[in-house]
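Q: One-letter residues, chain by chain:
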Amino acid sequence: MTATWIAVLATAAGCYALKLAGLTVPQRILASPRVRRFAELVPVALLAALSAVQAATNGQAFDLDPARLAGLGAAVVALALRAPFLVVIVVAAATAAALRAAGIS
Amino acid sequence: MAPGSRGAEPAGHGRQRDRPPRPVRDGIGLGLAVGVSGVAFGAAAVSSGLTAWQACALSVLAFTGASQFALVGVIASGGSLLAGTAGAILLGSRNTLYGLRLAEVLRPRVLRKVPLAVGVIDETTAITLAQPDPVTAQKAFTATFWCLYLTWNLATLGGALGAGRLGSPQAFGLDVVGPAAFLALIWPRLKSGRTERLVALAAVALALATTTVLPVGVPVILAATAALAGALAAPAATGAHASASAQGEASPAGAPAAPDGTSPADRAT
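Heads up: the protein sequence lines correspond to chains A and B, in order. Going left to right, the first sequence walks through residues 1 to 105 as the numbering used here numbers them. Going left to right, the second sequence walks through residues 1 to 269 as the numbering used here numbers them.
Just chain A, with the same shape it has in the complex:
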């Protein structure tokens, strides 16, 4: 079994265990407002960081690729225009692809 498979299965097991825990543990354990708020804010923090890191870095170095950043900018515009999720993704990818096809990268 490769390391990637171990990561895939560990992620699956961890995510399932967290779901099951919610159905099983007594209510009072997670009743604290701070704990609830933390669980709400964790995805905001992690996904914002992931988006920035993937858009602007490569490995341990900054990598400001104009086509990729323009694609992310196009996603922001689509989101501001209340486009559905898939439309946002397609607009972002198409923008980057078009710029690269035009020789910008």
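Each hint should be verified, as a subset may be incorrect.
To spell it out: a stretch of chain B is covered by chain A in this simulated footprint if at least three of its residues, at any positions, have a beta carbon under 8 Å from a beta carbon of chain A; those stretches are [to be verified]: (1) 82–89; (2) 110–118; (3) 141–152.
Calculated from the structure, these hints are not laboratory results. Fair warning: this is a prediction, and the values are worked out from it, not measured in the lab. Where is the CB? At the ideal position from N, CA and C, for every residue including glycine.
On the provided structure of chain A, position chain B as indicated by the hints.
A: Frame of chain A, contents of chain B only:
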């Protein structure tokens, strides 16, 4: 959007408050709409170097979109598998809170909890908690879960096979799919509160500032401390979130509130 990544607009609230609950129709509609985004996940997973089987295993077994995207995102950027796994599991922690709420409404027996847990994600929680009574809630959960589960998994397979046949992922702009997806997933939350925006900005700053000095993948986990700071600074902001949900604001990662802001327990009495 991805399962477990964006809360649904609670069914039957707001301008259509008077209409009878339609748990099955609403659940199927939501399941189809959200599930097709599995195409984006399948494509992103294969572009990051996972096999189509690994992409499908994540969708079948983990079945929580943000965590799935996070794992393949860290792998795509060359991060360690340990960091990717840790980030993905951390992202799944909100499902624990959903499980608490669903257990109150669905009241599953002990053995029933084992299969039920697979379906504990944003969308099923949002639509289940929006129903007026436990019987309707059970129907809503079942319809949403099955439709979303099947659609998401078929879409993942399609995206994974499709991306594998493309040439260079960059030529198709697939390297921007991850960043755009993450942003889209948190967008409604960013609009819903000032704390959310500050936490996101702090997380971005932390991650970028430490990118050149920490191993790949670790800056993203470090960014979770921004959420900790936000929770300690403003733990009582749940009221604002509840009102955002009442206005039909999708909550990509937060706990969906009942349309009137009451807890299911309140309404059951």
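Q: Run through the hints listed earlier and report the numbers of any the structure violates, in increasing order.
A: The structure conflicts with hint 3 only, although it agrees with all the remaining ones.
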